[in-house]
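Participant: Each chain is listed here by its residues.
There are 2 protein chains.
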Amino acid sequence: MASSTSTPVPTRRSVTVLAGGVGGGRFARGVRHLARQQDLDVTVVVNTGDDLWLTGLRVCPDLDSVMYALADANDTERGWGRAGESERVSAELTAYGVGWPWFTLGDLDLGTHIARTAMLRDGDDLTRATARLAARWALDVTLLPVTDDEVPTLVDVDRPDGTRDRIHFEEWWVRHRAAIPTHGFVQQGVERASVSAAAAAAIRGADVVLLAPSNPVVSIGTMLGVPGVREALAAARGPVVGVAPVIGGRPVRGMADVCCAVVGVEATAAGIARHYGARRDGGLLDAWLVDEVDADSAAELQRDGLRTRAVPLWMTDDDATADMARAALALGLEARGA
Amino acid sequence: MASSTSTPVPTRRSVTVLAGGVGGGRFARGVRHLARQQDLDVTVVVNTGDDLWLTGLRVCPDLDSVMYALADANDTERGWGRAGESERVSAELTAYGVGWPWFTLGDLDLGTHIARTAMLRDGDDLTRATARLAARWALDVTLLPVTDDEVPTLVDVDRPDGTRDRIHFEEWWVRHRAAIPTHGFVQQGVERASVSAAAAAAIRGADVVLLAPSNPVVSIGTMLGVPGVREALAAARGPVVGVAPVIGGRPVRGMADVCCAVVGVEATAAGIARHYGARRDGGLLDAWLVDEVDADSAAELQRDGLRTRAVPLWMTDDDATADMARAALALGLEARGA
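Residue numbers (my numbering), protein chains in the order written: chain L, 907 to 1244; chain P, 907 to 1244.
Hints may contain errors.
Said to hold, decoys possible - Chain L stretches covered by chain P per the calculated footprint, using a threshold of three residues with CB under 8 angstroms from any CB of chain P: (1) 961-967; (2) 970-981; (3) 1005-1014; (4) 1018-1025.
As the list claims (entries may be wrong) - Reference excerpt, derived from the structure (chain P facing chain L, CB under 10 angstroms, subset only): (5) Leu958; (6) Thr961; (7) Leu963; (8) Ala1001; (9) Gly1003; (10) Pro1007; (11) Asp1015; (12) Gly1017; (13) Thr1018; (14) Ile1020; (15) Arg1027; (16) Arg1034; (17) Arg1038; (18) Leu1039.
Keep in mind that the hints were calculated from the coordinates and are not lab data. A virtual CB, placed ideally from N, CA and C, is assigned to each residue, including glycine.
Could you put together the complete structure from these sequences and hints?
Facilitator: Following this line, the structure appears as structure tokens:
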């Protein structure tokens, strides 16, 4: 029975964030901080290119970094992993000659890997396993892997003797600190992969989609490489707003400049915006947020037809990051609505 | 070129022990202690009926108990697991709602399970994985699983509501302390299993085979249930000597009396000897060692045709246990040689 006096129930606005690991986690915290003030639904779609099988366990560095940050369980001093971490199990694995001695698995972190692996081996897909892990923490955010398929990022490098090698991204990043001759990135098996249904729906249905200030090549870039992600962004109901991951030509964190150089992208706020592209030119972006020091770039991009704004982009705390998110949301709604 | 004055190289004598977990480990230490005095090769063939997959990891309680005991890495106060153990990972698994909260996996112990699981998933059989794990510790003993096949011991029990249930042995043993109505033991998949080639060879080729004072039903008994083990014992080059796991009608450790009751075996030194049987009656034993308090049983069994001896059987330390092993070896060589 329809009531003749029914009033429409106001729906909560939704924000979907595409994010990498540690920086993505910090940004997601800011978006959640804003969401709690503005009553928004937040979904974070996370890069899985760094994921790997290590000593029989499924390790998902970016999903875990974002989950731990949102759970207030991350080590903010060290900058990665769990707070209060220890490495007793890792020492055992090393004593048995198993695993990568340069890739430390903390005891608390291993709890996550073991639990996830048990779920996957019992038949859960990564989306379901991620939801079950996240349920422990009451994140107030929906956490989604970009894909349920295994699409490891491999890196083509030179060995010390000059011959070519293809190694896992984590070996390049953690063991070699990205400081060896590097020729390119390969997403192994990407041609058989697809965006997860949940991630695609979250991108298409959001009122605003934000690209976190994550690495444009090996975080956001690998997500864009997964079949269906670009299509979902192109079909998104809301505007797509990117947040520059470089400030004054330097990465906010990580090694975005090194990764950009490998693929021939200029590691500046303007260069990365052009790499993503403006929607009206067939690219992804409806709008682009840069730091105040890059105001000149913003003006230049705006003349080229991309809506931009320059605001402070240092994610010093949740308040500062929420201000960034607020500016990004406003800019996106202007870009679509105006 | 054969030398005309060559003298035969004296070959080292070999002892193979069939053993369960904690008690088996203690006995194996004594045999090794003797072996270092007498220059013997020691192989310990270990029960795998308690093995299980838990949160995606392959846990082998008896193999690990024996390995830790031989490695001087066992917790002698608590009586099981690793010395200096902690449970940080287990607490995480519980927080994620994964695993058996009543089955604690210590952090150091988990290192073993993770390493073993990685080896198995990479294609090693359990024999090879066990050798790789043992190599870390320099045990001075060859450690072998009785079989590479998965033959979990299941237990038929009554639920509180009186209906039947079939649970894993570890659930019965650890969670229920064997204190629920129990109808029998089942070796799941045993009809498709077989003794490992290495274990069969170690049994057949040994100068003496010792049955450790382990549980005659769920440790030694499950090993005897694996196709090929009884055949190897029957064809053994050396004598088979059993060491009674009960002293004056009480188990040396564990719950041998409960397990014996389930299968209708009298839990006495004489009852268990008759359960194994004398070789001349189609059984396994060439000889049987009992404690001094069971000297009457020894005399009775001897009258029935089984060579027996009564010596102190409390494994209070390595010296006392080595004395037991020395008596068992001497008795076995008498039984065959004399």
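Participant: If you test the structure against every hint from before, which numbers come out violated?
Facilitator: 2, 5, 10 and 16
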